[in-house]
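Chemist: One letter stands for each residue in the lines below.
Protein chains: 2
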Amino acid sequence: MDKKTCLEKLRLVGVLAFATVDAGGNPQIRNISALHYEPEAVYFFTARGKNFCQELCRDGRVQVLGYTKYNEMIRLSGTAVLVEEGEQKKWIDTIFTEQPYLANVYPGDTRDIGIIFCIRDAQIEYFNLGAHPIFRECYTLGKGKITPKGFVITEQCVGCGACVKVCPQNCIREGAPYKIVQEHCLHCGACAECCPAKAVRRLG
Amino acid sequence: MDKKTCLEKLRLVGVLAFATVDAGGNPQIRNISALHYEPEAVYFFTARGKNFCQELCRDGRVQVLGYTKYNEMIRLSGTAVLVEEGEQKKWIDTIFTEQPYLANVYPGDTRDIGIIFCIRDAQIEYFNLGAHPIFRECYTLGKGKITPKGFVITEQCVGCGACVKVCPQNCIREGAPYKIVQEHCLHCGACAECCPAKAVRRLG
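One line per chain: the protein sequences are A and B, in this order. Going letter by letter, the first sequence gives residues 1 to 204 in full-length UniProt numbering. Going letter by letter, the second sequence gives residues 1 to 204 in full-length UniProt numbering.
These aren't lab readings, by the way, just hints derived from the structure by calculation.
Since copy identity is lost for identical chains, a pair holds within one copy or between any two.
Computed list of lysine-lysine pairs in DSS-like fashion (alpha-carbon distance at most 30 angstroms, straight line): (1) Lys3 with Lys145; (2) Lys9 with Lys143; (3) Lys89 with Lys9; (4) Lys89 with Lys198; (5) Lys50 with Lys9; (6) Lys143 with Lys50; (7) Lys179 with Lys149; (8) Lys149 with Lys198; (9) Lys4 with Lys149; (10) Lys149 with Lys69; (11) Lys69 with Lys3.
Small disclaimer: the values here were computed from a predicted structure and weren't measured.
This is chain A alone, in the form it adopts within the complex (with noise of 0.2 angstroms):
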């Protein structure tokens, strides 16, 4: 996988969960399909007067979640900024050209209440649960950068194996320490909670 292929599937699911935290600290969650893929950037429409657009403009963190007809989940997490007032008009047609339904929901000049958001740094997550063994991978778009997750084995580690025979995903290696194959890993800490020298650190 790579993110160019990333990017693609995501404009083929179509229809992607957008996350946001409001003012109350709250989770918000909905669904966007008015979206236009660049190969360095994600825009999307959004109406101004909606929640959405207010954490957007307050606070521009976001995540982005696709799931293919495939079974793997894509997950861009980034800020969103506002695009520059003078190529808004651009995109909006841009998208709504590309998503002709959107006319039906807002008719002729209606539109115009429209804003334009895009996605230019951001880290790009690939998981696929379906594969034996499971598969993941992280890419960045822009500036983003890739946050570590999951679990590594420390040096503590005392060569017992007892944290490959609970590991569901079958991805720990022996060695000196041993190792988890970070690709293969489900992030679930079976090997940390049965680690008996504690040398299993969580990442992140």
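Let chain A serve as the given structure and place chain B on it in line with the hints.
Modeler: Frame of chain A; chain B shown alone:
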């Protein structure tokens, strides 16, 4: 639509998006299909080591979103609570029976790293963007409360009709004051922006 139908529709969607907020205030979203529905509650499985579990234990606020094949969005906003110790195994086994693919991800006893949370109190929002006009409705689960959203026209209305002309869904009716038909409202905010009397108030 009603609460029961919404839950049944979510069950048929299968894979839902769950949003939480992490300790750093970041939105977090992931797909969950390890679910079991009771008439008045939704049970779900995750693993004790996952960040998702940490977020739920720290702050149970969660939003759950499903997108049906009929282009309906169904959203639960509520609190996820840890199911009591003595009931954990029963629900894990129920979910693994209903979702056979889980035994591929967590074979044999490795499912013991699982943990079950339950949503009993929630607001349910139904939103159909494909209907003409669009349609929305809210219901409650358990002690869930409906949070008013969108806009309302107050007594300051001067009856000029400007809002009627800009409403994409044509859902504002004449009167003193004019009135927004809430079940057909996009929450786009066009009426609020154009009102010369500032009579349109944001809810929530």
